[in-house]
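Q: Listed below are the residues making up each chain.
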Amino acid sequence: MQPLANITPLKPAGAIEVRNVGQIFKTTTQDVVALEDVSLDVRPGRFVVLVGPSGCGKSTLLMMMAGLRQQTSGTITISGAPIPEPDPNRVGVVFQEASLFPWLTAEENVEFPLALRGVTKSDRRARAQDALKLVGLDGFGKRHPHELSGGMKQRVSIARGLVQDPPVLLMDEPFAALDEQTRMTMGDELLRIWAATGKTVVFVTHSLTEAVYLADEVIVMSPRPGRIVDHLQVSLPRPRTYEMLSGDAFGSLRDRIWRHIRKSA
Amino acid sequence: MQSGLAVKAARVAIVVALFAIWEILSRTGIVNPRLLPSASDTLSTLGELLQRASVRKDLAVTATEVVTAFALAVPVGALIGFLIAENRYFAEVAKPLLFFAFSIPKSIFLPMFILVFGVGFSQKVGFGFFSTIFIVIMSTTTAVESVKVEHLTVARSYGATPVQTAFRVYLPSMLPVLLEALRISMIFNLTGVILAEMYASRDGIGHQIATWGENFQMKQLLAGVVMIAAIAIAFNELVRWVETRCSHWRT
Amino acid sequence: MSAATLRRLIVFGLIALWEILPRAGFIPELFLPSLSSTLAAGWNEAGEYGHALAVTLYEVAISMAFACGGGILLGAIVGSLPRPRILIMPMVSSLYAVPLVILYPVFTVWLGIGSESKIAFASIYGFLPTMLATAAGIQTIDPQLLLAARSMGATLSQRLVRVIIPAAIPTVLSGLRVGGALVIVGVVVSEMLISSAGIGYLISRYRTILDSPHVFAGVLLVLAMAIAFNAAIKWIERKAAIWQTGTRAGQDSAGEVAPAALQPAT
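Quick note, the sequences are listed as chains A, B and C, same order.
Under our numbering, the first residue of the first sequence is numbered 1, with each subsequent residue one higher.
Under our numbering, the first residue of the second sequence is numbered 266, with each subsequent residue one higher.
Under our numbering, the first residue of the third sequence is numbered 517, with each subsequent residue one higher.
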């Protein structure tokens, strides 16, 4: 395959285009339609949240955007080119939890994707330091994951996703295992990092409040088969504040999502 | 279900293939048939051995020793295991000692059993008991500790009596672990008794196998090996089958 | 009194009883020679024991290389490939139920009563648990770690070297501990059964002439060997303690290998 750097992108860096994507899981007994005819456009620099009940295929869709899984039909392009396999220069991925390597320190974890590509030690260290500083973990680089709190571990994961400076950051329920308070703080932190870096973010969550609080756009999905049932624009001003949570605008957006989810449950 | 059948068929095929290779190696003379009699010869020898009164007697002797040692080691070990698991202080004192006793090789104490008990029935049972008891204690302790505190709290909050708690919470939670313990203990026990018989004895199937080996009677020796292996595997599979039947308790 | 203190007292008490009971004549010297006479017996024949120890250690070292090398290699292959794993693992763990000591006479017929038969027997004796533990260790690696590595573009060989091997180390080490202990047992037991050299041979020879102190001196030597080996592996395990979290907690690999099954059988 040709190196991606030589392809002139048709779309600007950070754009995601999903066209008529379907995914069928074959089991020994039957075929399960995980996704059916999903189409979606994400403009560069947008914060898009995928929300929906279990089994609606939101994580599957994210894995396909990351090149970790191939769709059965349809096309997905990231920055204008298809993504047949993971490409950390175009896409960074942050997982739910425990995806840090326990035998590496925080900074070694952040350096990991660079080490895979043979970046020199000093260069690696410098870039890892920058990424850790960005997520607010300056000075914690020498610690091992088990010496960090849940929120700090997720900061390290975000730093690892950003260390190669990809235009797109995909996040698969990154805060699901955190407690409520930490979750709120991490949400604000993520918005700060997003504003500072201008990345395109696609964020999967179960939490309606989290979805509305973080997003520019919320994509609501429903299961059996997995498909998009609504696409909301969240026009709440930024920076988002805690007070907005109790406002009418916030409430009506959340209600609209909830009605979709209740219908499909 | 179909793939399950396929896996079973493949396993049977592997075993058959191994026997076929054994047969071919011996028949074609690639391996000296005096050192490796063919599989078919070995199996027919096995059939013939099972007809012999002396071999049957040896099997009976070994079985008696194994069962006696097992019948002594399991209740005694289980009782000690319970006491340790139920008393925190006692557990803290005894556990490292038991772990130590558990981790050291038991076989090297075999000569001591001969010095004390001679080479008869009691020595085999004694050594079988000694080989088994530590694993029984350890497994019982593990089994008791595998009972979930939440389940006990629920039982208590609904006013369960100690007897009800024992039968409705402890026993069902512990059953899978106990079955596993039974299986492993039997492996240890059988190994202990057979080793003791091979080392110094006048009868028993282990003694017979050692004698065949010393006299270079390969057919009988291999037949004996196949026989013991078959018995051990059959017992093991039986307990495992029961285990899987009640595996839904396990979380 | 703290548990640790009581435990120490019990240990010292047992050692003291070992000296006092035989001396006072409560236990015949034939059954249990006193600690001092055991040590004296060992000291007086230090040359003989030293030579026997060298033979035994030589056999242990070679068997260990075979058992652990083969066990780790095969366990890694079987553990990382789902099809062979489903097919073979239950068969291997059935094999584990067989008292393998019955194979030793076969090896003596094939290889004679020298070191070769001991090495062959001990290698097979230690091989199974090492293989089972390695396969289980590879299997319990958190799939999230592999997925994360893949998302960062790690190739198959990079995943093996940077994720699978480091994550499997703790389980492999515990397999080594059991496998190594079984190798020691295998060598000594085979020496006890039929041989002409080694500590096991000395124990058996002194046993036939009812020389209890010399039997016990040999037993103590083997014990020391087993304990030293155990301590060495534990030390390495502690060094690698940080790895412990690399596998999903509480996963016991679909009941294929219970932890207790990985302990030395006699």
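Simulated from the structure, these hints should not be mistaken for lab results.
One or more of the hints may lead you astray.
[As the list claims (entries may be wrong)] To give a feel for the contact side, a few chain C residues facing chain B, derived at Cβ under 10 Å:
1) Leu537
2) Gly566
3) His567
4) Leu569
5) Leu573
6) Leu603
7) Ser728
[Unchecked claim] Straight-line C-alpha distance at most 30 Å; calculated DSSO-like pairs for lysine-lysine:
8) Lys142(A) x Lys750(C)
9) Lys755(C) x Lys484(B)
10) Lys484(B) x Lys26(A)
11) Lys360(B) x Lys755(C)
12) Lys263(A) x Lys26(A)
13) Lys121(A) x Lys142(A)
14) Lys273(B) x Lys360(B)
15) Lys755(C) x Lys121(A)
16) Lys273(B) x Lys413(B)
17) Lys121(A) x Lys133(A)
18) Lys142(A) x Lys755(C)
We treat Cβ as the ideally placed atom computed from N, Cα and C, and that holds for glycine.
Q: Now tell me, hint by hint, if it's right for this structure.
A: Cross-check of the supplied hints:
no. : hint                  : in the structure
1   : Leu537                : violated (14 Å)
2   : Gly566                : violated (18 Å)
3   : His567                : violated (19 Å)
4   : Leu569                : violated (14 Å)
5   : Leu573                : violated (15 Å)
6   : Leu603                : holds (6 Å)
7   : Ser728                : holds (6 Å)
8   : Lys142(A) x Lys750(C) : holds (25 Å)
9   : Lys755(C) x Lys484(B) : violated (50 Å)
10  : Lys484(B) x Lys26(A)  : violated (52 Å)
11  : Lys360(B) x Lys755(C) : holds (23 Å)
12  : Lys263(A) x Lys26(A)  : holds (27 Å)
13  : Lys121(A) x Lys142(A) : holds (15 Å)
14  : Lys273(B) x Lys360(B) : violated (41 Å)
15  : Lys755(C) x Lys121(A) : holds (25 Å)
16  : Lys273(B) x Lys413(B) : violated (35 Å)
17  : Lys121(A) x Lys133(A) : holds (18 Å)
18  : Lys142(A) x Lys755(C) : holds (17 Å)
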